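Required output: the full structure, derived from the provided sequences and hints.
Listed below, chain by chain, are the residues.
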Amino acid sequence: KNQVEQSPQSLIILEGKNCTLQCNYTVSPFSNLRWYKQDTGRGPVSLTIMTFSENTKSNGRYTATLDADTKQSSLHITASQLSDSASYICVVSDRGSTLGRLYFGRGTQLTVWP
Amino acid sequence: EADIYQTPRYLVIGTGKKITLECSQTMGHDKMYWYQQDPGMELHLIHYSYGVNSTEKGDLSSESTVSRIRTEHFPLTLESARPSHTSQYLCASSPTETYEQYFGPGTRLTVT
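Protein chains in written order, with the working numbering: chain Y, 349 to 462; chain W, -18 to 93.
To be clear, the hints were calculated from the coordinates, so they are not data collected in a lab.
Just so we're clear, the structure is a prediction, and the values are computed from it rather than from any experiment.
Here a beta-carbon is modelled for each residue, glycine too, at the ideal position from N, C-alpha and C.
A short, non-exhaustive set of chain W residues, derived as facing chain Y with CB atoms under 10 Å:
| hint | residue |
| --- | --- |
| 1 | Q(-13) |
| 2 | R(-10) |
| 3 | M22 |
| 4 | Q82 |
Here's what the structure looks like:
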């Protein structure tokens, strides 16, 4: 069973609109949570990384929030652009090994229409 | 953008062929990883390395093998490709002191 669940699975919005993507996880113990953007046919690119003590982090028009108590995170995209069309992947790392094992969500496929 | 490269980007081969997917990084990172990703699915770790001469199998069972003779190079080899190996293969690296992983552009493999 995947320990990182993302919703919605897919989302279509109009250019200029805002949107929020959700990530719920059951990974324990918790080390950090990352949001990646993956364009079609490309590798993921990091947007934000948050540790246990951080509850919000911004990267331009992207703002991630983390509630470690409820094990929920969100990624808010402001004033969407056509180039935001991509898959957004939530990744959670545990502290269970020196590797810091990563648990990947299946991603939310965002499409921005003009 | 991270300096991590994968070749080839796309590969179509017949069943039974031996192939090697190349991955190189110029950042001097000790840790390197190989992931497999099917469309609409999560990434699965198939191999990782802590440094030169260190290789470990990941969570997903894979018939592939890897080697780490040089810090910058982490090739993945399939001795006998099968249609079930059709997938996207992503290579990543990370420095020892941070959580960040940098991904390559991926190799899209199709086995006919």
